[in-house]
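Could you slot chain W onto chain V? The hints should help.
Chains as they are written, first to last, in the working numbering: chain V, 1 to 323; chain W, 1001 to 1547.
FYI, nobody ran anything at the bench for these hints, they're computed from the structure.
Honestly, I wouldn't trust all of these hints.
Said to hold, decoys possible - Reference excerpt, derived from the structure (chain V facing chain W, CB under 8 Å, subset only): (1) Q30; (2) A32; (3) T52; (4) L163; (5) P167; (6) F171; (7) I174; (8) R287.
What the hints assert, rightly or not - Computed cross-link-like contacts, EDC-like style, restricted to lysine to aspartate or glutamate with a CA-CA straight-line distance of at most 20 Å: (9) K1333/W / E1363/W; (10) K1525/W / E176/V; (11) K1223/W / E176/V; (12) K1137/W / E176/V; (13) K1136/W / E176/V.
Cβ coordinates follow ideal geometry from the N, Cα and C atoms, glycine included.
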Amino acid sequence: MRRWRYFGYRLAFALPVVFGILVLNFFLIQLAPGDAASVLAGESGAASPEYTAMLREKFGLDRPLLEQFLAYIGNAVQFNLGYSFRNDSPVFELILARLGPTLLLMLTAFGAALTLGTALGVLAAVARNSWRDALISVVTLICYATPVFWLGLMLIVVFSVNLNWLPTSGFENIAEGYEGWERWVDIGRHLIMPGTALGLFYLALYTRVMRASMLEQTGMDYVTTARAKGQTERKIVFGHMLRNAFLPVLTMAGVQAGNLIGGSVVVETVFGWPGLGTLAFNALQSRDLNLLLGIFFISASLVVIINLVVELLTITLDPRIQA
Amino acid sequence: MSGIPTPHLSRRALLLASAAMAVTAPPAAEAQTSRPGGTPTPVPGGTMVMIVNPEPATLATYAVSAGNIPPITTQIYEGLLTYDWDLKPQPLLAKSWTVSPDGKTITFKLQEGVTFHNGAAFTSADVAYSFMEIAKKVNPNGPVILRELEAVETPDAMTAVFKLANPAPYLMMSLSSNNIPIICKSVFEDTVPMQNPSANRPIGTGPFKFAAWERGQFVRLDKNDKYWKPGLPLLNRIIARFIPDAATRSAALETGEAHYAAYSAVNAADIKRMQANPILGSTTRGYGTTAATSVLEFNMRRPHLAKKEVRQAICYAIDRQFIVDNILYGFGKPAVGPLSSVFSTSGWFTADVRRFDVPNRLEIANKLLDDAGYPRGANGVRFGLHLEINSFGEQWLRQGEYLKQALAQIGINLTLRSEDTATWLRRCYTDYDFDINEPFYSAGADPVIGVHRHYVSSAIRQGTTFVNNKDYRSPVVDKLMDDATRELDPKKRADLYHAAQKQMVEDSPGAWLAEVQYVTIFNKKLHDHTMGPLGTYEAFSRAWLER
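Here chain V stands alone, though its shape is the one from the complex:
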């Protein structure tokens, strides 16, 4: 019961955060020079002033800023994210189409990095200063230091161009028109390389944090106590230490969930993955205010939700925290 009250308190705290992000973003983007109408007109080659004025009127860009702001907030409160005039499509539809692939890529990369990273970290800590520890350290260091875009391109060169095992890019093979189970296998094949490129950096990070955290626990009184009462090493590591050592990794993962949405622009670009990152980048480039704010709203909400889940996990793992 107390746990849920604490959770409710965190939830109540999250709503003003999302609102604050909305307000801040709205005014921040107004500071960028140029607007959607001028970009669209620019891409058209030579547009008449009437054409640009017509676009501006259509987009509502000729109205006072305060009026635009109130209209936007009014819509956002009703979960109406507005219309992207540049894309001739409702913002919600545009985001929804990208949300699935983004979450698929993100959760795969994140989940794999978290599980594998934890396992490797424990392995390294248990066999401290052995050849296994050294090997894991060297591999994680390389993963950590490799730029994601370079890794992505190298994966394509090796596995697509030279070996011809995996498709270079995209979400699925449309030319073949797969259906049902075959389609999911196809999507999975497209997912391997971007997932690897995105996940390896985080894998390295979690391995190192987990290792350090495990070593820190080794000297704790409760470990000595457990060992004194004759518990097996296996029980000590998995029954006692793992749970405590996992907390810093979990906290870090919660903070980085936001990075994973924003940081995947590079991976999405290299692999032509239809994600939210590139959508946001293009929206910014073309000053598509409605779309950009919509994405901010959705990704801010996602980060807040993930943090709430992490919070919930944390207090489950360590009930002392909710006090």
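What follows is chain W alone, placed relative to chain V:
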């Protein structure tokens, strides 16, 4: 078109490349499906995958003229005319036409038995609506191309009569599927054109029908079984894929995942590698109506640049061949003036202008600056200027870096400024807060379409992009270009353009750097894809895939 970054190919490089291919190509490769003459026999069916870059924001080609839209929409919408390799008009939706002697009446006879993808029959009413209500009102190029068009009369369902206020010789050069697409009147009537439901689900008369658009991934087009040209198209399906990263686009061509990439979808740096790949071919044909030129624009409102000597000195300081060889990887040739040498076939181009590529050009440039009253300071610098870097690709930054060195030779300290597209456009075309700008233009099939607006004083329109932002006001050039707009006699029109080019090069409101040559990369299994000067701005109705 200005929205697309570059590359390109010199005639010499092309000859070498094709010679090399002729030697190395295995003769057995094409033998399997050969017709007696040695040309392979077309087979119907198959899915062609082309790369379009970047992904269009909209498919409303009738209202937005960005260069990345027509590769998709010209499969769906058709225009009245198409053009042969000599840029002579050929029938498409118009079966035949006559121009009255005074040039003010053009009568089009239309193709019979044509239907739109929604089943509606194509008639002269659709033509009239497409020109008067759509193109003239919402097409950004409408005010220029259709300025003289006063009415489209429809005496019967298969005849459309264009009434012009003044002769407009360029109009017949601007009626292709990518210039003025013919839309279905019943779909658009009583709607706001840009919010029409068919904006992103286009309905036309073309060989392919719109099927789906997954944003960030692809547009799918399916064969139009009821296409009016019998037996066409041959392909079952076209997929236009969008891959943001240039290296990945090249990889997709190398693995055979994609069959076709036009314009600058493939990085200039990768083209040589692609040309060496045995499964890929390349061509520089199909860019006949592009006439793309990279230029510098001088802001003549600024005190230094208001002086003709300074502008000419900058023109002298630049080694255009260096730009072609090193920035464009050899895919282009040096420009000599505001008209591309593409216009030499029509006789409008002349190289008989003030030439900046003389051996003692640096000497002349330094003397011009000395005479203009800008002596070198203690550190060798006369004065400083800013260069606004074109935001449409990395090659423009490299060009800027070269220009900085080139201008340092004559004592001008150039500072480079890189901004994103919206900021860059605003600075150069709305705020006029720039010294030198480095944009890139397509002239189109006629100088009226894409050249006049950069130099005539009536095109100084604050807030409009890619027009005369230089504050260049020359009554001589204004008059010459205005006369050329109406002159029907080709010889007289050529004389007018020659005089205009001489005057403009002498005034140097800008510097003309390089004529850019694009390269199309294709899989050798794809045949009959580049069938005319419009290249990728024309439907792949005859294209077919070897299997």
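Original post:
Hint by hint, which ones does this structure get wrong, listed from lowest number up?
Top reply: 1, 4, 9, 12, 13
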